[in-house]
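For this one, chain Z is given, so just place chain P on it according to the hints.
Given next are the chains, with one letter for each unit.
There are 2 protein chains.
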Amino acid sequence: MQELVEYSSLIERKLSEFNFPNTPENLYNPLTYFLKLGGKRLRPVLTLLASEMYGKPREASIHAALAIEVFHNFTLIHDDIMDQAPLRRNQETIQVKWNSNIAILSGDVLFVKAYQLLVRQEEKHIKELLEVFNRTAIEVCEGQQMDMDFEGRTNVSVDEYIEMIRLKTSVLLGCALELGALIADASVEDRSNLYQFGQNIGIAFQIQDDILDLYADPDKFGKQVGGDVIANKKTLLNLKALELSDAMSLEELTKLKNEADLNKKISHTRNVYDQLNVKAVCEEIMQHYYNEALLHLEKIDLLDSAKDNLKHLAGYLMTRTV
Amino acid sequence: MQELVEYSSLIERKLSEFNFPNTPENLYNPLTYFLKLGGKRLRPVLTLLASEMYGKPREASIHAALAIEVFHNFTLIHDDIMDQAPLRRNQETIQVKWNSNIAILSGDVLFVKAYQLLVRQEEKHIKELLEVFNRTAIEVCEGQQMDMDFEGRTNVSVDEYIEMIRLKTSVLLGCALELGALIADASVEDRSNLYQFGQNIGIAFQIQDDILDLYADPDKFGKQVGGDVIANKKTLLNLKALELSDAMSLEELTKLKNEADLNKKISHTRNVYDQLNVKAVCEEIMQHYYNEALLHLEKIDLLDSAKDNLKHLAGYLMTRTV
Chain Z
1 MQELVEYSSL
11 IERKLSEFNF
21 PNTPENLYNP
31 LTYFLKLGGK
41 RLRPVLTLLA
51 SEMYGKPREA
61 SIHAALAIEV
71 FHNFTLIHDD
81 IMDQAPLRRN
91 QETIQVKWNS
101 NIAILSGDVL
111 FVKAYQLLVR
121 QEEKHIKELL
131 EVFNRTAIEV
141 CEGQQMDMDF
151 EGRTNVSVDE
161 YIEMIRLKTS
171 VLLGCALELG
181 ALIADASVED
191 RSNLYQFGQN
201 IGIAFQIQDD
211 ILDLYADPDK
221 FGKQVGGDVI
231 ANKKTLLNLK
241 ALELSDAMSL
251 EELTKLKNEA
261 DLNKKISHTR
271 NVYDQLNVKA
281 VCEEIMQHYY
291 NEALLHLEKI
301 DLLDSAKDNL
311 KHLAGYLMTR
321 TV
Chain P
1 MQELVEYSSL
11 IERKLSEFNF
21 PNTPENLYNP
31 LTYFLKLGGK
41 RLRPVLTLLA
51 SEMYGKPREA
61 SIHAALAIEV
71 FHNFTLIHDD
81 IMDQAPLRRN
91 QETIQVKWNS
101 NIAILSGDVL
111 FVKAYQLLVR
121 QEEKHIKELL
131 EVFNRTAIEV
141 CEGQQMDMDF
151 EGRTNVSVDE
161 YIEMIRLKTS
171 VLLGCALELG
181 ALIADASVED
191 RSNLYQFGQN
201 IGIAFQIQDD
211 ILDLYADPDK
221 FGKQVGGDVI
231 ANKKTLLNLK
241 ALELSDAMSL
251 EELTKLKNEA
261 DLNKKISHTR
271 NVYDQLNVKA
281 VCEEIMQHYY
291 NEALLHLEKI
301 DLLDSAKDNL
311 KHLAGYLMTR
321 TV
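These protein sequences, in sequence, are chains Z and P. The opening position of the first sequence corresponds to residue 1 in my numbering, with each subsequent residue numbered one higher. The opening position of the second sequence corresponds to residue 1 in my numbering, with each subsequent residue numbered one higher.
Among the hints, erroneous ones may be present.
[Unchecked claim] Chain Z is nowhere near these chain P residues, computed Cβ spacing over 10 Å in every case: (1) Pro218; (2) Glu259; (3) Asp274; (4) Leu276.
[To be verified] Heads up, incomplete: computed chain P residues facing chain Z, CB under 8 Å, no partners named: (5) Asn22; (6) His78; (7) Ala85; (8) Ile104; (9) Phe111; (10) Glu123; (11) His125; (12) Lys127; (13) Leu130; (14) Glu131; (15) Val132; (16) Asn134; (17) Ala137; (18) Met146; (19) Ile162; (20) Asp246.
By construction, these hints were calculated from the structure, which means they are not laboratory data. Just so you know, even glycine gets a beta-carbon here, dropped at the ideal spot from N, CA and C.
This is chain Z alone, in the form it adopts within the complex (with noise of 0.2 Å):
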C-alpha cells in the first residue's frame, strides 16, 4: 500500500512539527512523547484519500485528518488510565512514566488540540465538521463504556458486543472518511456511503483482531497468541463459542477460565473452539460486514477508479497476519 506509506508518513511529520508550549512541562512532555510512539496513522490518512477521491489536494484536509489522529490519541491516554495497561506500543503508558493525574489532564488538552485544528479547516465546514466529529467523539466514549461495562457481567450477547466495538473503535473509522467527504463538499449520499464503508471496515477489522488474537501465525504475530484467552476477555470468538455450546462444552469453558497452566489454557480452550467451528462463524461475519462496506463504497458517486486508494486500503486491511 504505497499510498498508506507515503500519507502516514506526511501525518507522521506534521504530528512531529506540533509546537506544544514548554511549560507546564508535565503538561507538555508527556503529549510530546506519546505523539511519538507511532502507529499506523490509518485514521487520517482516511480523511486525506476521502477528500482525494473528489479532487481535493491532500492539503485540504489536513487539519481535520490530524484532528481525527490526535482525538484518537487522547482516547488512547485516557482508556490506557482506566485499563491500568503498563505498555503502549511496548513503551510506558504516561500514567506510568509519569502519574495517572497528568495523563488525565494532558488527555484533556490534547482533545482541545482537536478542536484547534478543526477550527483551522475553512470556516463554511466548521459547523458541519464538529457535529460529526462532536457525535462521534460521544459514540467513543460511549464504546468505552460499555466496554468496562461488559467486565463486569456474565451474559454479554453477540450483538450488544458488536455494538461496543462499533461505537468504541468504528465510527471513528466513518467519521475520519466522512470529514473527508464534507471538507471536499461531496454529496450527503457520499458522505453517508463513506461513513458506513469506514464504520463497517472497522467492525471487520476488530473482529479480525479478536481471531488474530488465538489464530494467528505465531512466528509472524510478534506478541503472545492468545492474549485475550489468558485474561478472560470476552472477544467474539469467545461470546460465539458461549452462544454455541452445549452443556458439556459450556462447563469445560468456565474451568479453563481458572486453568493455572497458561498453554494448556489456550490449546484446550482452542480445541472446544474448533469443535464449535467458532473460527469459521467468526470469520463468516467478519465476511458479512467486509462485504457490506464494499458495497457501500460501490454506491459513491464516482469512477471506480476514483476509488481504488480506498479499495485496495480496505483488502490490505483483511489480510494482514499481525
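Same frame as chain Z, but now just chain P:
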C-alpha cells in the same frame, strides 16, 4: 443581586432540561447527578449579562452560556479525581459514588457536550467562539497542572501563584464575558476589556477566597475556618507570609506545619500572619485586581447604565462573607 438570582435560575432550569440518553447508565447517570449539585452558576450568568449589555435578548447567548457552565463542571469532575476529593457541594463526588474510571469518561463526554452547545450558536460566530473557548480550555488545564506541580515544590513565588490562579480559575470568567460580547458583535476593544474585567475580578475573587479561609466569621462561613492552614495548602496568605518572614517567624511557620493540635496550628499561624501584617497586604493585592477590573469596565464603549449590572455583580462578589 436580582439579576444573578433570576439569570442563574434560568441556567439551572436549562441544565435540568438536558436530556442525556438512558444508556450506558454508568456514563450518563453521573452527569445528571453532578449537574444537579447546584452552584452559583456565576460564569454562564456573565455570558448572558455581557450580551445583554449590547441590547441582545438573553436567549441570544444561552447555548454559549451553558457551554461555559458545562465546561466548568467537566473541570470540576476531573479535578475531583486528581484531588481525590470525597465531597463536592457536600455530596459524594463521582469517583466516590461510582469510580474514577467512570469519572474520567463521563467528564470527557461532558466536555464534548460543551462543544455541542457552542455549535448551536449562530454559524457566523462559531469559529471565533471556538477560538476563544479553546484557548481558555487549554489555559485552565495549564493552571490545574501548575497547581499540582506547586504541591511538590517549596519555593513557589507570589507571582507564580497569581499566574496559577489566573489560569486555573480567572481566564474562564474572562472567556464567559467575551463569548457574550462576541455574540452581540461587540468591538474587539470592548471584547478585550470585558475579558480583562472578568479575569481581574476572577483573581480578586480567588484572593478573597484565600483570605476568607482564615479570616471569615466562623458563624457565617459554613465550613471549617483555617482549612487551608490545616492542609498546609499554598495560598496567597501563606506565600506572602513566607516572603515577609524573618528567620524566626520562618522557623515558627515551618514548625507549625507539623503541629498536631489543629486549633493551636490555626491560631498560632494566624498570630504569625498578624505580626507580619499579611491580611492587609493580601487585601491590598486583591483591591489592586478589583480596581483593574473596574478600570477595564469603564473603558467599554457603552453608557454607564448598561454597565450597572456587571458593576453591581462585581461589588457583590467582593463583599461576600462566605
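So, going through the hints one by one against the coordinates:
1. The claim that proline 218 (chain P) is not at the interface with chain Z holds, since no C-beta of that chain comes within 10 Å of its own (minimum 33 Å).
2. Once the 10 Å rule is applied to beta carbons, glutamate 259 (chain P) is consistent with being away from chain Z; the minimum gap is 28 Å.
3. For aspartate 274 (chain P), the non-interface assignment is confirmed: its Cβ lies about 34 Å from the closest Cβ of chain Z, beyond the 10 Å cut-off.
4. Here leucine 276 (chain P) stays apart from chain Z, with its beta-carbon at least about 30 Å from theirs, past the 10 Å limit.
5. Of the supplied interface hints, the one on asparagine 22 (chain P) is violated, with its beta-carbon coming no nearer than about 11 Å to a beta-carbon of chain Z, more than 8 Å.
6. A distance limit of 8 Å between C-beta atoms decides the matter here; for histidine 78 (chain P) the minimum to chain Z is near 6 Å, and the interface restraint holds.
7. A cut of 8 Å between beta carbons decides the hint on alanine 85 (chain P): the least distance to chain Z is about 12 Å, and the hint is violated.
8. Look at isoleucine 104 (chain P): its Cβ gets to within about 6 Å of chain Z, closer than 8 Å, so that hint holds up.
9. Interface restraint check for phenylalanine 111 (chain P): the shortest CB-CB distance to chain Z comes to about 6 Å, inside 8 Å, so the restraint holds.
10. Residue-level restraint check for glutamate 123 (chain P) holds (minimum Cβ-Cβ distance to chain Z is 5 Å; threshold 8 Å).
11. Because the smallest distance between the Cβ of histidine 125 (chain P) and any Cβ of chain Z comes to about 10 Å, over 8 Å, the interface hint for this residue is violated.
12. Residue-level restraint check for lysine 127 (chain P) holds (minimum Cβ-Cβ distance to chain Z is 5 Å; threshold 8 Å).
13. Proximity of leucine 130 (chain P) to chain Z holds as hinted, the smallest CB-CB distance being about 5 Å (cut-off 8 Å).
14. A cut of 8 Å between beta carbons decides the hint on glutamate 131 (chain P): the least distance to chain Z is about 6 Å, and the hint holds.
15. With its C-beta approaching chain Z no nearer than about 11 Å, valine 132 (chain P) sits outside the 8 Å limit, and its interface hint is violated.
16. A cut of 8 Å between beta carbons decides the hint on asparagine 134 (chain P): the least distance to chain Z is about 5 Å, and the hint holds.
17. Because the beta carbon of alanine 137 (chain P) sits about 5 Å from the nearest beta carbon in chain Z, less than 8 Å, this interface hint is met.
18. Hint on methionine 146 (chain P) holds. Least Cβ distance to chain Z is approximately 6 Å, under the 8 Å limit.
19. Residue-level restraint check for isoleucine 162 (chain P) is violated (minimum Cβ-Cβ distance to chain Z is 16 Å; threshold 8 Å).
20. At about 32 Å, the closest approach between the beta carbon of aspartate 246 (chain P) and any beta carbon in chain Z exceeds 8 Å, and the interface hint on this residue is violated.
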